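Chemist: Start from chain E and add chain W according to the hints.
Protein chains: 2
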Amino acid sequence: MSIPHSQDSSETAEIGDTATEAPQTGHKVVLGVPAPMKLDSGLDLAGFTLAYQTYGKLNAARSNAILVCHALTGDQFAAGRHPVTGKRGWWDNAIGPGKPLDTDKYFIICSNILGGCMGTIGPKDTNPATGKPYSLAFPVITIGDMVNAQKLLIDHLGIDQLFCVIGGSMGGMQVLDWASRYPDRLFAAVPIATAARCSAQNIAFHEVGRQAIMADPEWRGGDYLAQNTRPERGLAVARMSAHITYLSETALHRKFGRALQDRKAITYGFDADFQVESYLRHQGITFVDRFDANSYLYITRAIDYFDMASEHGSVAEAFKGTKVRFCVLSFSSDWMFPTYESRALVHGLNAAAANVSFVEIQTDQGHDSFLLDIPDYHRTLTGFLNGAAAHRGLTAK
Amino acid sequence: MSIPHSQDSSETAEIGDTATEAPQTGHKVVLGVPAPMKLDSGLDLAGFTLAYQTYGKLNAARSNAILVCHALTGDQFAAGRHPVTGKRGWWDNAIGPGKPLDTDKYFIICSNILGGCMGTIGPKDTNPATGKPYSLAFPVITIGDMVNAQKLLIDHLGIDQLFCVIGGSMGGMQVLDWASRYPDRLFAAVPIATAARCSAQNIAFHEVGRQAIMADPEWRGGDYLAQNTRPERGLAVARMSAHITYLSETALHRKFGRALQDRKAITYGFDADFQVESYLRHQGITFVDRFDANSYLYITRAIDYFDMASEHGSVAEAFKGTKVRFCVLSFSSDWMFPTYESRALVHGLNAAAANVSFVEIQTDQGHDSFLLDIPDYHRTLTGFLNGAAAHRGLTAK
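Chains as they are written, first to last, in this note's numbering: chain E, 0 to 396; chain W, 0 to 396.
Looking at chain E on its own, in the form it has when it is part of the complex:
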């Protein structure tokens, strides 16, 4: 396979960096040249940057690549140290030697999504037409657009068929879109804690977050970067609201209950008397340091728009004739993407005569479970990937 319409601008073009403890700046590639990429909205996106990170080594047959799709506020730094936060990557517990996504065996690719704010083109980047940040002039994008951009990256890397595409939450939506849109370009698919459509309740929570951002006068009609300010308070409220949906009531109760924060008694005031308040405020404050408010608007909107049945007529129709092997995972206490959403997806896949396994992991950790090192969960991932690898004829190293 040739490497068309792209130009790698990473410091090293070598494929196969191993995850290290040192901060990594990652790779960047310019895609959509000379032919632009057509967006679902009908607009063209030409010469755009996509940032990505790799872990492990691509084998000679180029058959051991796993594409990891990140969720709403994730990024390409899935493993190792995050160069901005200094913390471990969001899926470091699952990616590495001997871990479920074993870097001794697989070549892991994770790219920042279209519309993101960690290197891939998004609303905070400069609009070549004006020389100023795109802001709301950035085109509204979809999960399909994110996937099309990733597909150009996979072309660029010279990979005919990914061994697996995997991801949780919005990452799982990308997995499903990949399997539907490019069924010959992946061997296996692992959609985790996700759904074939965004629910009314999730749209509602997204809308609260967007309204919180847009209500902040520092948002400036989206034009805050050009005006050298930031809607930090609105974005923090959006994050606080969303964060509640990531945890189960049981987990919140176990973690915090009604415990007080550094005090013996309630203060009869509006300070953070309770640990759960202090925790949420901290989540809001730290989030604004690493995330762009307009990106938050665009990405939540892309999730809202995701609906496979509406796009294809039915979920079954979206996967008609697929040869992809699916492993669908849900978590019993996830109320944002409940198990019944995964079950509906599995019904659709069954109706398409797909090869599907479906596991509901019992845990009280809520939606965030997909990020956690839950033994049953990691065992299931390892088992499925090992089985699929054997079918694919992959051997370690």
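In short, the hints are calculated from the structure, not lab data.
Owing to the predicted nature of the structure, the values given are computational and were not obtained by experimental measurement.
Treat each hint with caution, since some may be false.
Heads up, the list lumps identical chains together, so a pair's fine if it works in one copy or across two of them.
List of simulated lysine to any residue pairs, SDA-like, C-alpha gap at most 20 Å [as the list claims (entries may be wrong)]:
hint, residue 1, residue 2
1, Lys254, Trp334
2, Lys319, Gly143
3, Lys322, Asn354
4, Lys263, Gly312
5, Lys98, Thr48
Modeler: Relative to chain E, chain W alone:
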């Protein structure tokens, strides 16, 4: 019983107005004179106004009074037309001739809670010490303070024993506090869709709402009234966030699903493409017309602080030796006050050897069910009240 320390300033001091279709300005009474009321915070509240509304007639024995306790954003206009909104009162479907709270049989009292904004003293009222609105100088109040104020009203009305205290959500917390604090002053208690403590998740949602209000620059550190402005956008976001918790995912899906608002296709923009977005925005916008932002802060804080086990050692201890007849009601799809909270309450009441019946109503309408005309729910209310009335020796009229 004498009518101590109070002075009725309503246009008519007659007890026993019947609900009519015409707008009612309601009654107001000044309580806490000459002796002030002691608040849980330790502060005194003297000469404060409490606004209330009544429906039906108090019988000669003064034994047929039902106190209705309203929820976070409710008020005293439970039945008939609301003088501000022009809509029917929040519990009009349950209060009236032939309805569960039958005004041919019972004398219904509903007062605006302490800290509210519909006539009872709250943060928007004038601080006599400064001649300006209290704003954040208003003392932080508790559910117990609300109940103590209601008890002064009941004293004022010359009622020795209420036939029943009833209410849903935060109203249910007042019911529980009444039964614990003044067990001889009520014959029956109906706590609906409530809990003996505010959960960590509910504190978290309250904190999001408070932060949304306080993030609005028009909040002005709470001093917006003196500065002739209002934090409308922040309060609207708070309402939108809270409103999601009042509905079940199933109800949101049935009402709206992914239906579009007055359009055939998505617009690739941030307008309200989806009906659920339009609905939420409407909820936010209309709320700010009738509610005070600082009241929202104070009332959510009072709910946060509610925890009977912490106050009394255990729920059972709170009701030790009670003769009150309880009917505990929950709704199967309520995820804000789930059935397991009611079950925990019932366990505590059982341990106190209380007379308790417990019914979980099957419905997919979520927390808002307590406001709805659900046949099983209303039949249960009617049945319990009829039975208790027979024991109390009440007959119609």
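Chemist: Determine for every hint whether it applies to the structure shown.
Modeler: Verification of the supplied hints:
Both within a single protomer and between protomers do Lys254 and Trp334 lie at most 20 Å apart by alpha-carbon distance, with minima of 18 Å and 19 Å respectively. Taking the closest pair of Cα atoms, Lys319 and Gly143 come within 20 Å of each other only inside a single copy of the chain (18 Å); across copies the shortest separation is 62 Å, beyond that limit. Proximity of Lys322 and Asn354 under a CA criterion of 20 Å is satisfied intra-copy only: 7 Å inside one chain copy versus 63 Å between copies. With identical chains, the CA atoms of Lys263 and Gly312 are at most 20 Å apart between copies only, with a shortest distance of 16 Å across copies and 58 Å within one.
Within a single copy, Lys98 and Thr48 get their C-alpha atoms no closer than 30 Å, and across copies no closer than 66 Å, so neither meets the 20 Å cut-off.
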